[in-house]
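Novice: Using the sequences plus the hints, can you model the full thing?
Protein chains: 8
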Amino acid sequence: MDVLFDHCRTERIGLPETVFCQGKPLETLTRLMREQAAPGATPLLFTRLFPDIFEALPADARDLVDYHPLSKTALGGTLPQRERGRVAVVSAGTCDGPVAHEAARTLAYLGIQHTIYEDSGVAGVWRLASRLEAINTHDVIIVVAGMDAALATVLGGLTPKPVVAVPTSVGYGVAEGGRAALHAMLSSCAPGVCVLNIDNGYGAACAAARIIGAICG
Amino acid sequence: MDVLFDHCRTERIGLPETVFCQGKPLETLTRLMREQAAPGATPLLFTRLFPDIFEALPADARDLVDYHPLSKTALGGTLPQRERGRVAVVSAGTCDGPVAHEAARTLAYLGIQHTIYEDSGVAGVWRLASRLEAINTHDVIIVVAGMDAALATVLGGLTPKPVVAVPTSVGYGVAEGGRAALHAMLSSCAPGVCVLNIDNGYGAACAAARIIGAICG
Amino acid sequence: MDVLFDHCRTERIGLPETVFCQGKPLETLTRLMREQAAPGATPLLFTRLFPDIFEALPADARDLVDYHPLSKTALGGTLPQRERGRVAVVSAGTCDGPVAHEAARTLAYLGIQHTIYEDSGVAGVWRLASRLEAINTHDVIIVVAGMDAALATVLGGLTPKPVVAVPTSVGYGVAEGGRAALHAMLSSCAPGVCVLNIDNGYGAACAAARIIGAICG
Amino acid sequence: MDVLFDHCRTERIGLPETVFCQGKPLETLTRLMREQAAPGATPLLFTRLFPDIFEALPADARDLVDYHPLSKTALGGTLPQRERGRVAVVSAGTCDGPVAHEAARTLAYLGIQHTIYEDSGVAGVWRLASRLEAINTHDVIIVVAGMDAALATVLGGLTPKPVVAVPTSVGYGVAEGGRAALHAMLSSCAPGVCVLNIDNGYGAACAAARIIGAICG
Amino acid sequence: MDVLFDHCRTERIGLPETVFCQGKPLETLTRLMREQAAPGATPLLFTRLFPDIFEALPADARDLVDYHPLSKTALGGTLPQRERGRVAVVSAGTCDGPVAHEAARTLAYLGIQHTIYEDSGVAGVWRLASRLEAINTHDVIIVVAGMDAALATVLGGLTPKPVVAVPTSVGYGVAEGGRAALHAMLSSCAPGVCVLNIDNGYGAACAAARIIGAICG
Amino acid sequence: MDVLFDHCRTERIGLPETVFCQGKPLETLTRLMREQAAPGATPLLFTRLFPDIFEALPADARDLVDYHPLSKTALGGTLPQRERGRVAVVSAGTCDGPVAHEAARTLAYLGIQHTIYEDSGVAGVWRLASRLEAINTHDVIIVVAGMDAALATVLGGLTPKPVVAVPTSVGYGVAEGGRAALHAMLSSCAPGVCVLNIDNGYGAACAAARIIGAICG
Amino acid sequence: MDVLFDHCRTERIGLPETVFCQGKPLETLTRLMREQAAPGATPLLFTRLFPDIFEALPADARDLVDYHPLSKTALGGTLPQRERGRVAVVSAGTCDGPVAHEAARTLAYLGIQHTIYEDSGVAGVWRLASRLEAINTHDVIIVVAGMDAALATVLGGLTPKPVVAVPTSVGYGVAEGGRAALHAMLSSCAPGVCVLNIDNGYGAACAAARIIGAICG
Amino acid sequence: MDVLFDHCRTERIGLPETVFCQGKPLETLTRLMREQAAPGATPLLFTRLFPDIFEALPADARDLVDYHPLSKTALGGTLPQRERGRVAVVSAGTCDGPVAHEAARTLAYLGIQHTIYEDSGVAGVWRLASRLEAINTHDVIIVVAGMDAALATVLGGLTPKPVVAVPTSVGYGVAEGGRAALHAMLSSCAPGVCVLNIDNGYGAACAAARIIGAICG
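These protein sequences, in sequence, are chains R, F, W, Z, P, H, A and X.
Residues in the first sequence are numbered consecutively from 1, following the UniProt record's numbering.
Residues in the second sequence are numbered consecutively from 1, following the UniProt record's numbering.
Residues in the third sequence are numbered consecutively from 1, following the UniProt record's numbering.
Residues in the fourth sequence are numbered consecutively from 1, following the UniProt record's numbering.
Residues in the fifth sequence are numbered consecutively from 1, following the UniProt record's numbering.
Residues in the sixth sequence are numbered consecutively from 1, following the UniProt record's numbering.
Residues in the seventh sequence are numbered consecutively from 1, following the UniProt record's numbering.
Residues in the eighth sequence are numbered consecutively from 1, following the UniProt record's numbering.
All clues stand as given, with none of them false.
Between beta-carbon pairs, the in silico distance windows are: (1) R84(P) - W126(Z): 31 to 39 Å; (2) A38(A) - R84(R): 40 to 48 Å; (3) P43(P) - Q22(Z): 44 to 52 Å; (4) P43(P) - P80(F): 56 to 64 Å; (5) D60(W) - L26(X): 44 to 52 Å; (6) E133(P) - Q113(Z): 30 to 38 Å.
These are calculated hints, taken from the structure and not from any lab test.
Idealized CB from N, CA, C, for every residue including glycine.
Specialist: Take a look at the structure:
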């Protein structure tokens, strides 16, 4: 079972291939970590790399990457820093942290500047209000929220910037798994809010990168 | 197929029985309109009475009730006006009008004072802000919203009053039928928001009436 | 990942912020337990604190709170006792205990008097009958039931008091996860029964507290 | 498209074949009505025969059957009356009438004695209480209910007789289409309540007939 | 959390109360095992008692019951043997064994004679054919099947006896959890097949017991 | 809105493009009927052409095709008759006729020999038994069934031939729309039964044509 | 029921408010058409304006707007033409036309240049290939597709531009209503494809407009 | 609980019975492994045999089979090699490996020649393009894909061969469990793609074997 890497993808769609670690055997992860660290290789982003899996990798492979447990990501390095284009990552609650940070780490890997605004949920709408001006100085806004996901609508109604919304799977009862948040975001009364799959912080960063690419050439 | 009316229900649970008209034959509706208008009878509330059905009833029966097409309700009269207890009915958009007015008409029938605040959706959060102080002078707040139903969370985070939320079935795609709004309300990050079935404006008014009864003895 | 606590929430909505422990790291829980026990701080309620997590906390932090395994709650203290307003918590079966007691513990934390009536399910309707008079002396009734949730309808038809219903996730087959109970409660033939998310005993207590607040000023 | 009738079915499973009319062309219905009325033929039961379809049939075919609009059934005659075995059909509300009467008409066709108890819903539990003794004199109990379907559980807890439950599709919001009632019945806390498909009054009568057959030989 | 046992239930509905063990604490199970073994007490049936839980009980409690791991049931004894009435339990595949045997063990507890016919699935329809005559000598037939649940329809078309169908949760993909089997059974083209909740072998036995009771007085 | 026809598709995948008529404007249908009848053009198959739409077309266009109301198909002609390869279309009940005949008409259009066996549902399993030998003389078997779709499993267990199963949307309650039949077919205990979308008789014929093509070169 | 128009929205979020016509009374539509045509008023976009509703409006109101039946939109005029920023609208099949044209008409209203590429579905992947170069000259790509929605993934893998995907509700069986297409788009293997609600061509145009605004200042 | 093996199945449907190991006790697996290795016995295929279960079997039983952990299959031997008929197994990504290899191992067991083409997902459509000619030399094509499953449509539009599609359960959010992939495959715009249950690589191989049998006699 060999992985046919699509090494030309960066040129074609502007986004290098990424290693989705969940379900991959330890040997594959180890090999990829070593290969991407070789001279001349493009550094890789590893996502959905759970702490227990990371700890089970050989020490030399672990040392080749920068691991971040909350976001479950590891970076073998970053792509060249882009000079223009800034992204705000705004999340509703502390439970949304893993997804918000997956987006932020992916942006870091892609060399895109960004700021995280956590705990901005609209059950306490003044929290968002106090940060709105700062958020609006960015070029793209990623909104991360679970449960009722009301933050996407309120923020979408307060900014002219592109809004990329990511529902999270946090919650219990009807919120469990993230369908309630996904449907609320897709049904948002704020026009032009576009949506990624549940917990897909990585995809939101890629969508933002496509937009930053369109903005900055 | 005769209807066993529960004429003692008012004493027992404080809420008289109501005629849910959808699916009932014209003769039954006609008979009930005439009976409730008889001297000494308790006036009835008729809900889900669609305009084409109402128009098909005999003129004399129609004249015995006060019909309101938007809310699809007819009142044969109202119960005695309560001196205390006021309810705010706050809705998100004009599409939520039928449900908001069903709640309002039920409150009118029950003799409970109320105010309607329409078009308060939080995709434009300043609309709600300008009305918040007035809304908070009421004893119970009914929130009516479809689509993302974000209004329930924002308002629930801005008021200490009991909040009774009604999702509406307006919308298309994942919002169609009201499940998205229902789930968002049940998942609300604002604590203590309680929820009725989709489009159940009547039930929200009854829940408010139970609370007003508990407040005012 | 820091938590922006909303320390003014009590004034604004009458309900202090609560710590939903599921998914939070041990360090955060430890810190919050210590902070809330500091002189002058508001005591906190911790919910969804599973026994294995509680046991893993440092002994000094554990000693600062009153832990209750069945309800998975810990209290750092309680808010001032309210002089008026009493809540009945009525549950259908022993399996509903965790949710019923989460509601009761939240009421205790909020300083609200309450009584629990367990094993009142209507597959044996005489159990409810024998307690009905006592239940009706309370100002608000919280109904906790899983499976068919028939208790909400039967009790809703026997009391004029506000009824706050909480479906539980107990059961197997189509009842598993609580959707069957949720839908039955939302479809209740008893008018004015309002509903919380599945297993949300905490939210039911907050809804009751909003009503008690409206009753008692 | 010819119908291969299974004329030996009565001997094999004790239930003659029935004509489900919905979606069948008028010519087929007309032909079957004429054929079953021929000398020596077994009279047929026609179900789901909507009034507008029945009115569109030729007058001579219509005259060969006994049509009942509420239940949407037509009978070309009945099978020989059984001497023993009685079935109670208990329904929750007037909206459940079409399904309750489809069950009753099927029992009539099968020659089985039965009694209908309508408006026995447990939002007013005394209605059921006053009829319980009479209901318990029957050999099999068919329960017909929509919405929360709580009647099945309460009655199932009050009788030792076989209980055959039919959910109905009445209701709106989460109750629409009958899944809420179906799931509540399947999750019933009363042991041994067995369930038919939504709106399947015909099937409930067949299940009762199988039981009556087992009882009475 | 005490259990209000309904000791008169046997007289009222003919079925003694049963202990659903899943989720109950070890102490409760231990106490109930000891209590039911006391002189004069009615022996109890324990269901959903997983082997690891059973092994964790004190040896003296374990010795008071007859445990059967496949069905996850324990019996403290059986009710008096009924002289008449026999039930066939027919299952489709070996994976349905736990549910088929839960039904059989419940029948044993209730003192009802029964025979199990396993591996009768209709992907090999001759297996059923060879047993049909023997099956049809019973008074009630319980059908247990997962996946496509086609056995219920084929058997329902070959017997005049009451057919009580139990879907099982075996399978993967769309069959996982048992909804596919449940819906196939509810949609059965064989008339009068009635259905229990997924994996509810206990309930099927209770339904059969109600029928046997009606047959045998 | 012009249609880019893929006139080379026949060479590439062996199946000419087809006109799915539902939702297409009358003018488009008229134009396509006229174009395909032009000298040298490939005759087209029109599917989902409802009778009221067909009647609304101009008479000259209608005369250019062979219309079949039950299957809602029109043929402008047929492709050259294949000398080898025969398909059996086996359906469960008369309600499945529209889908079975859509498959048969598509086979006729594709020049493939076929036989239809209707009313072979396994609630009366002897109907299938009497036809089995004849069915097994064909090279491919298309099974069409709604409701419990048990026919697919029973037939799949009795034939070594390729089995292509089509669920139909007939039925009510949980069977309505065809999901129950679809899931039962996907969960079939007979190995190697493959499945098409609900009501997709056209697709089943195309799948059979691919197999016939592989068989006959 | 008056509409509180949010006339400052253009400044705040760069998108003027739009009239969603479905469910609005004729008088409201008439009034809004007249008001927006008044001197100095911002011209409005009317969406989901079905032909039969449009035909029922007074002739003078109809004359004030440019109506387009396929997209069900009416424009009272357009906003000033933007000099930079071009959007490609790529759709899979002719059935997706209504949604693709709703997007295109909204872009026209917003003064944004755009090109439509219809019939680009990947069941014939060469159709897309021949247009790819032209599509990639645009700044934003809107993909409109129903059924399997495979176009979004294939195109997302061939372009570095922002991709805004809209599922459509065309199709039958599991595709009916658009959930299959929505889920396929959300699950796209091409990174950074973001998604709107089913049939929300208007929203896709707004999302594109937000991006064009970010690109062009 | 004994297993009634259907030893004549090979003659009747051309496919020997297989052991689905998930949920079967270790003793049963051990016994079957030993029995099938006896002289004259037909070698068996064991599916869904998870590595931890395999490791727990006695060493002598393990030595009697050829185990393959990725596909979770064990073979006691293979059926006689077929001289004609070749199958291509084409999968989208490395995560689909377990299902693709379950199909391949089943084909090996059935004595059918096959080739695996992994990592052919259409988010990089050139990967498929470079292999298309080789794939088209086979007689049947099995497509294995999760997430958006777009590969089935693209390949189905590029080949005239029978296409048997298997959705996989890989993915998260709306893709989790494989319903998104299943629905996309069932909704495929490429005509005649037929579909198996989620993760049913075994079934796909059986479907291919039925076709190969029809081709090769």
